[in-house]
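Work from the hints to combine the two standalone chains into their complex.
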Amino acid sequence: MISEERKIRKGLVIRMNKYITVPLSDEDASSLRAGDYVYLTGTIYTARDAAHKRMYEALAEGKALPMDMRNNVIYYMGPSPAREGRAIGSAGPTTASRMDKYAPSLLDLGLKGMIGKGKRSEEVKDAIVRNGAVYFAAVGGAGALLSRSITASEVIAYDDLGTEAIRKLTVKDFPVIVVIDAEGNNLYETAIEEYSK
Amino acid sequence: MRTINVNDVTQNIKEMCIEANHFLSDDMKCAMDKAVKEEKSPLGRQILEQLEENLQIAGEDMIPICQDTGMAVVFMEIGQDVHFEGGILEDAINEGVREGYTEGYLRKSVVKDPIFRENTKDNTPAVIHYEMVPGEQVKITVAPKGFGSENMSRVFMLKPADGIEGVKNAILTAVKDAGPNACPPMVVGVGIGGTFEKCALMAKKALTRPVNEHSEIPYVKEMEEELLQKINSSGIGPGGLGGSTTALAVNINTYPTHIAGLPVAINICCHVNRHAVRVL
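Chains D and F, in that order, are what the protein sequence lines are. 84 is the number that this note's numbering gives to position 84 of the first sequence; each next residue is one higher, with no gaps. 183 is the number that this note's numbering gives to position 183 of the second sequence; each next residue is one higher, with no gaps.
Looking at chain F on its own, in the form it has when it is part of the complex (with noise of 0.2 Å):
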C-alpha cells in the first residue's frame, strides 16, 4: 500500500496543462520534421515551416501552441495499491486543471451546460478517465482537445459484414469529411471494436501513443500504414490547400466485441497533438 496526498495530483495537473500548451513531444517534432522534408506542394511545405516556426515561438515566448487550449481530457491509471489521503481525487484534478488554465494564460473554452453555455471561467470540468491497474503508481496523462478537430470525430456502428474494407472506409470518409476544418496534418486516433463508449474511448486513447509507433497486431500495424498512405493520397495537404502531407500518424487501437457488431470511432486530432505524461 502507498499513499499520496491529492495535493501532488493538483500539482502536477497544474504543470502539465502548461508543458503540453506549450511543447508537443518529440515523436510529433520529428514527425513535423520529416514532414516538411517529404511535402511535394510549395505552399504546403511553406505552411508546414510556419507550424515550425510556431512551435518554436510558443516556447521560447511561453504563448500557446493554439489559441484553442483545449477541454483537459485526463487519463488516470491507479495502481490498485494506491491509497490517496487528503481530500477527493476529482476535485483534485479539477484545482490542477483550475490553477493550470488560470495561472498558465491558457484560454477558458469550457460552458456549463451544452445548451445554454455560460463559461465555467476556469476551464473546469476536466474529462476524466480512470482505470485501475497493478502496482502502486499513477501515471497521469494530461491531453488538452481542441474542437476544431474534435467536431470532425465520427463513431460508426457497423455490421460484421463490413469486415475490414468498411472499416477503412469509414476511417477515409471521417478524414475526408474533416479536410481542412481539422487543421491538416491530423493524427487519426482509431477504435475499433468494444462497445459504442469503448471505442470512441480507445480512439481518444490511440491518440496518446507516440506517433513513430505501431500497433503491436501484425494486421493493424498494416491497417495503420496503409490507412496513412492512402490518407497522404487524397490530396487534401497541410492547411487542406493541398499537398502529401495530410495525416502524420493512424494509430489504431482494438478491442473484442460483440457477435452482432463492429464498433468504429475515428477521433481526429490536429497537427497540435498535445499530452503530457507523467508517473507518480
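If we strip away everything but chain D, and leave its shape as in the complex, we get (with noise of 0.2 Å):
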C-alpha cells in the first residue's frame, strides 16, 4: 500500500514523497519512479558478500535458500554490533555493485527490491525491468541515523557469517530513494546530468 504526500520546501516541490509496505508487492514496485523518497514498514532481509556468495551456490546445487525470494527485499549491509537493548548497531548500505553476479538469479525468482548504494551493471538494470523490480539507495555513511528505523534484527541463516549473516529486520519509515525503477529509469545517470556544468 502506497500512501502519497508531496513535502514543500522553500517554496519548491522537490519529490514524492511515498509511505510503503514490505514485502513489496507488484503493484507498488511497478509503481514506483527513479526519484521517489520513499520510506519502507515491515519487514526486509540482509545480505551481502558472502551470504550472497552462498546463496548462489545452493542454487547451483538445486538446493533451498534461506527465505522466499518472492516480494521480498534484501538489504546490502552488515551491522555493527548491537549495545545491550539495542535492535542493531550502526546499519548503512553497503556498495551494490559487488552483488551484481548474484543479483539477476535472485530477482528472477521474484526478488522485489534491493536497498544499496553505488551504480548497477546491465545485466542488474535489465533483471529489474524484466521482473518489474526496484533498485533503493539508502543514503551511505549515515549508519547511525538508518539504525533508528530498525525496530528488531534477527539472524535467520548463515550465523557463522558474523556481521555477514542473513538478518531479518523489522523496520520503520525506513528511508530510501528510488534509483532505478521497474522502467529502467536511472537516477544516478539523470541526477548527475542536471548539476555538472
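These are computed hints drawn from the structure, not numbers from a lab. Remember, it's a predicted structure, so these values are computed and weren't measured experimentally. Just to be clear, a hint being listed does not mean it is correct.
To be verified - Straight-line distance between alpha carbons at most 30 Å, and here's what the computed DSBU-like set of lysine-lysine pairs gives:
(1) F:K108 with D:K172
(2) F:K205 with D:K63
(3) D:K101 with F:K121
(4) F:K29 with F:K40
(5) D:K172 with F:K29
(6) D:K197 with F:K230
(7) F:K108 with F:K139
(8) F:K108 with D:K168
(9) F:K205 with F:K168
(10) D:K168 with F:K230
(11) F:K34 with D:K197
(12) D:K101 with F:K176
(13) F:K40 with F:K230
(14) D:K197 with F:K29
(15) F:K168 with F:K40
(16) D:K125 with F:K176
(17) F:K176 with F:K159
(18) D:K101 with F:K112
(19) F:K40 with F:K221
(20) D:K168 with F:K121
(21) D:K53 with F:K112
(22) D:K197 with F:K176
(23) D:K101 with F:K34
(24) F:K34 with F:K159
(25) F:K221 with F:K168
(26) D:K125 with F:K40
(27) F:K168 with D:K197
(28) F:K121 with D:K63
(29) D:K197 with F:K121
(30) D:K53 with F:K121
(31) F:K139 with F:K176
(32) F:K159 with F:K198
(33) F:K205 with F:K159
(34) F:K40 with D:K197
(35) D:K125 with D:K197
(36) F:K37 with D:K197
(37) F:K37 with D:K18
(38) D:K53 with F:K176
So, in C-alpha cells, the structure goes:
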C-alpha cells in the first residue's frame, strides 16, 4: 500500500514522498519512479557479499534458499554489533555493485527490491525491468541515523558469517530513494546531468 | 633516551579506535556545515543534513558513524630516541585494535586470507606504517578505513610527458569513476611522485591532513583548489544523487621521483574521513 504526500520546501516541490509496506507488492514496485523518496515499513532481509555467494552456490546445487525471494526486499548491509538493549548497531548500506554477479538470479526468483548504494550493471538493470523490481539507495555513511528505523533484527541463516549473516529486519519508515525503477530509469544518470556544468 | 611501555600504546590505540569511529575531527564538521549552506540541490541538501544528524546521533548514542568501521590503518611516527619496553610494539598495536573493536562494539571486517576469507573476528591485524623521526615522542594516528571508498582508489603510473594535465585527468577520472559508490561528499587524498608504493602511501597520509589546510607548495595548493572546483562541477553530488558538493577537499602530497616516471595515487575517502591523533 502506498500513501503519498508532497513535501513543499522553500517554495519548491522537491519530489514525491511515499510510504510503502514491505514485502513489496508487484503493484507498488511497478508504480515507483526513479527519484521518489520512499519510507519502508515491514520486513526486509540483509545479505551482502558472503551470503550472496552462499545463496548462489545453493541455487547451483539445487538447494533451497534461506528465505523465499518472492516480493521480498534485500538490504545490502552488515551491521556493527548492537549495544545492550538495542535492536542493532550502525546499519547503513554497502556498495551494491559487488552483488551484481548474483542479483539477476535472485530477481528472476521474485526478489522485488534491493537497497544499497552505488552503480549497478546493465545485467542487473535488465533483470530489474524484466521482473518489475526496484533498486533503492539508502544514504551511505548514515548508519547511526538509519539504525533508528530498524526496530528488530534476527539472524535467520549463515550465523557463522558474523556481520555477513542473513538477518530479518523489522523496519519502520526506513528512508530510501528509488534509483532504478521498473522502467529502467536511473536517477544516478539523470541527477548528475542536472548539476554538471 | 626515553622509555615507553608498550601497554601505553595498546591503551591509546584502543581508545583511538573507538574515538575515531564515533567522532569526526572539527575540520570535517566545519566542512560539512559549509557544504550544507552551499549545496544547490534540494535533495543534496537533505542528504547533507541527514549526514550531520547522523554524526550527532553517533556521538550521543555511541553508535558508530558508519557500520563499516574499517580496517585499522595506524601511522606510527617514532622519535629515534625512544625505547619501547614491555613487549613487542607490533603486538601491542594489534592488541589495541583488538580491544578497541571488541569492547567498542565496532564491526569486525577483516578476513585472514584474501582468497579464503575467514573473518579474524577481532578486526586484526592493523595495517601499520612506521616512520622514524627526530626526538623522543611518539605520534600515533589511527585512521579506520572503510572499503566502499577504498575500492574506488587508483594508482596511475603516468609518463613524465603526461605532465600536470595528465595528473589532473587521472584524479578527475578516479573521482568520476567512483561516483556514488564512494559515498560522496568525498575527501580525495593524492600522492604524486616517489615510487609505486610511495605514492599510494602519500595518498593515504594526505587523507589525515585537516581538510581546511592546503599544501605549502604554491603550485600544489593551486592544483588542490582547481581540482576541488572541477570535482564539484561534475554534478555527482551528495550520495551521488546530483548536486554541487561531490568533494569536501583534495589533499595532495608530493615527493621526488625517477627520471622515467610520474606515479600518481588517488586514495578516495567517503565523508566519514576518520582519524584520531595522539602524541605520547
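Numbered hints the structure breaks, given as an ascending list
2, 10, 23, 24, 29 and 31
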